[in-house]
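Okay, here's what each chain looks like letter by letter:
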Amino acid sequence: MEGYIKSVVLDTDEILQTYNDNPLDFFKDKKICLFKACLEYYYPGIRTCLKSMLEDFDLQVSTSLEQSCCSGTFLQRNLITRAQFAAINERNIVSINEIADILIVSCNGCYLSLLRGRKFLNSKDIREKTTKILKEFKKDILFSPKLKIVHILDFLHLIREQIGERLKYSLNGLKCAVHYGCHYLNLLLDKKDIHSFIAPKNKLEDILTILGGSIIEYQERDSCCGWGASQNVIHRDEALQITFNKLKSAESAGAELLVTNCPTCLYSLNKFRDDMKDLFGESPQIPAVHINELIGVLMEYECDKYCIERILPLIEELKI
Amino acid sequence: MATKNESKNNWDFFNRIITDVDENWNIIQCISCGKCVGDCPASKISDFNIRKIVEKVLIGDESILKEEDIWYCFLCNKCSKICPKEGINIPLFILSLRNEAFKKGYNIPQLKKYVKMCKRFLENGTVMKESDLPTERIEEIKKICEFARIKYLHKASKKNIGIEE
Ligand code: SF4
Ligand code: SF4
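Taken in sequence, the protein lines are chains A and B. Per this note's numbering: the first sequence = residues -1 to 318. Per this note's numbering: the second sequence = residues 135 to 299.
Simulated from the structure, these hints should not be mistaken for laboratory data. Hints are supplied without guarantee of correctness; some may be wrong.
DSS-like cross-link-like pairs, simulated, lysine-lysine; straight-line CA separation at most 25 Å [stated by the list, open to error]:
{"no.": "1", "chain 1": "B", "residue 1": "LYS285", "chain 2": "A", "residue 2": "LYS133"}
{"no.": "2", "chain 1": "A", "residue 1": "LYS137", "chain 2": "B", "residue 2": "LYS247"}
{"no.": "3", "chain 1": "B", "residue 1": "LYS250", "chain 2": "A", "residue 2": "LYS136"}
{"no.": "4", "chain 1": "B", "residue 1": "LYS276", "chain 2": "A", "residue 2": "LYS130"}
Simulated restraints on C-beta separations [as the list claims (entries may be wrong)]:
{"no.": "5", "chain 1": "B", "residue 1": "LYS219", "chain 2": "A", "residue 2": "GLU215", "range": "45 to 53 Å"}
{"no.": "6", "chain 1": "B", "residue 1": "PRO268", "chain 2": "A", "residue 2": "GLU280", "range": "44 to 52 Å"}
{"no.": "7", "chain 1": "A", "residue 1": "GLU134", "chain 2": "B", "residue 2": "GLU257", "range": "36 to 44 Å"}
{"no.": "8", "chain 1": "A", "residue 1": "LYS26", "chain 2": "B", "residue 2": "CYS167", "range": "45 to 53 Å"}
{"no.": "9", "chain 1": "B", "residue 1": "LYS219", "chain 2": "A", "residue 2": "ARG164", "range": "14 to 22 Å"}
{"no.": "10", "chain 1": "B", "residue 1": "VAL171", "chain 2": "A", "residue 2": "PHE55", "range": "40 to 48 Å"}
{"no.": "11", "chain 1": "B", "residue 1": "GLU257", "chain 2": "A", "residue 2": "LYS269", "range": "46 to 54 Å"}
{"no.": "12", "chain 1": "A", "residue 1": "LYS4", "chain 2": "B", "residue 2": "PRO268", "range": "41 to 49 Å"}
Selected chain B positions facing chain A (Cβ under 7 Å, derived; list incomplete) [said to hold, decoys possible]:
{"no.": "13", "residue": "PHE147"}
{"no.": "14", "residue": "PHE148"}
{"no.": "15", "residue": "ILE179"}
{"no.": "16", "residue": "PHE208"}
{"no.": "17", "residue": "LYS212"}
{"no.": "18", "residue": "GLY259"}
{"no.": "19", "residue": "VAL261"}
{"no.": "20", "residue": "LEU267"}
{"no.": "21", "residue": "ARG271"}
{"no.": "22", "residue": "GLU274"}
Bear in mind that the values here come from a model prediction, so they are computed numbers and not experimental data. Idealized CB from N, CA, C, for every residue including glycine.
Using the sequences and the hints given, assemble the complete structure.
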């Protein structure tokens, strides 16, 4: 991993070496901040459930008032330059670094933006431009911030045993399919390190097994949710074909619930069911949820109505 | 047989793509194996073919800038993961092609769908309807984006010069 990325990523393997019995102990004296993803607007449970769980574990949690959107969508459409993008992301890191030690990111897109911004800084040209932009606000690039960033799946996987001990309900064998999302599965950073590149990515399956779910393999497990860097804004009808195929594939393999770790994928997997009916003559019925929401319901935390709507019928049906 | 002149033009296009992002240099290693096409979501829903696009850049065929194809890429990175060559980064390469297309003014229909999001980001600091970001931070974002395309799009939305929301 290159310098600017390595210095900001939380090394969960290292934590395991020292805190193998209870990795939560590592976080006890740390201030945790939750990164706000734009699409949590539609699924507030992604953050509230995670916050409730962390508080339940007696951890100190906050969000940053100064954090802006990660601007990934504008970089993808060439509406901002790489230096501007790096400045927006570095500015968020600088703010959050002042109030927290750990930043948990529950969205693949935001996580990629934060890391990609840092990756761009490895180029001298971009670093100079970014420095110049930040200087205007009397801020500077942090080569080695105190703040460490962790992806939600890496975090939940690290403390999965402790989560298991707190559950009020179990999934009781509910058939679950997983959706990781391209920006988790295909991170290019992994290609540099042959071990992480060839290692199977199955943290979500591990967590769901602890929640009591049984895992369903399906053909389109690794395919895109259809969002595709706003393809479902730009070429909506075509992109929905990808979403439809994915949902149908999970359904026909017998899955009763589709669990993801990304709010953007979740939006894509949930929001367009009616459009699918118009386009393809049928609308897949399988509910999709974010792993944070699912944990929240199983821990009996107060959840928003959208969360309840999708998960509760299943739980009632199972009489868990 | 290619004349001297033609070969100069060919490398011109390639050079511009490298000037944009030096990592794009790596596409020269492409062996046309086509592995990248197999599982590409954009290929499943359109005529998009990333192997052919790489090839066209290498032979200097700029016609791809005018075509809709480059706007179909999902930036999902599946191809780069599966590509047998070490440093080929397709999403960054596609972004550079889109950048070139922008410079030549070939992208107006794409812009239209982004007006609302740009407006929200520059006025709220988020792409959503509501935000609690302090005014100073919103001002910072506007400043960071000064002279960026996003700013022009935002201005266009205010002047209502034919770009609808
Ligand atoms: S990044 Fe683009 S070219 Fe590569 S697999 Fe995804 S859609 Fe296809
Ligand atoms: S997989 Fe890589 S080497 Fe093979 S055609 Fe695609 S870009 Fe070229």
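Status of the hints after comparison with the structure:
1. Using a Cα cut-off of 25 Å, the hinted pair LYS285(B) and LYS133(A) holds, with the two alpha carbons roughly 21 Å apart.
2. In summary, the hint linking LYS137(A) to LYS247(B) is not supported, as the alpha carbons are separated by about 34 Å, beyond the 25 Å threshold.
3. As the CA atoms of LYS250(B) and LYS136(A) are separated by approximately 31 Å, the hinted pair breaks the 25 Å bound.
4. Between LYS276(B) and LYS130(A) the alpha-carbon distance is near 15 Å, which keeps this suggested pair within the 25 Å criterion.
5. Judged by the Cβ atoms, the range 45 to 53 Å given for LYS219(B) and GLU215(A) is violated: they are separated by roughly 30 Å.
6. At roughly 47 Å, the beta-carbon separation of PRO268(B) and GLU280(A) lies within the given 44 to 52 Å, and the hint holds.
7. At about 20 Å, the beta-carbon gap between GLU134(A) and GLU257(B) misses the expected band of 36 to 44 Å.
8. Distance hint for LYS26(A) and CYS167(B): a CB-CB separation of about 51 Å, consistent with the stated range 45 to 53 Å.
9. Restraint check, LYS219(B) to ARG164(A): a C-beta distance of roughly 47 Å breaks the suggested window 14 to 22 Å.
10. Distance hint for VAL171(B) and PHE55(A): a CB-CB separation of about 46 Å, consistent with the stated range 40 to 48 Å.
11. Here the CB-CB span from GLU257(B) to LYS269(A) is close to 24 Å, at odds with the stated 46 to 54 Å.
12. Taking the beta carbon of each, LYS4(A) and PRO268(B) are about 32 Å apart, not inside 41 to 49 Å as hinted.
13. Hint on PHE147(B) is violated. Least Cβ distance to chain A is approximately 17 Å, over the 7 Å limit.
14. At about 19 Å, the closest approach between the beta carbon of PHE148(B) and any beta carbon in chain A exceeds 7 Å, and the interface hint on this residue is violated.
15. Here the hint on ILE179(B) is kept, as its CB sits about 4 Å from the closest CB of chain A, short of 7 Å.
16. Annotation: interface hint on PHE208(B) holds; nearest CB of chain A at approximately 3 Å, less than 7 Å.
17. Hint on LYS212(B) holds. Least Cβ distance to chain A is approximately 6 Å, under the 7 Å limit.
18. Hint status for GLY259(B) relative to chain A: holds, with the closest Cβ pair at about 4 Å, below 7 Å.
19. Hint status for VAL261(B): holds, given a least beta-carbon distance of 5 Å to chain A, under 7 Å.
20. Taken as an interface hint, LEU267(B) checks out: its beta carbon lies about 6 Å from the nearest beta carbon of chain A, inside 7 Å.
21. Because the smallest distance between the Cβ of ARG271(B) and any Cβ of chain A comes to about 5 Å, under 7 Å, the interface hint for this residue holds.
22. Hint status for GLU274(B): holds, given a least beta-carbon distance of 5 Å to chain A, under 7 Å.
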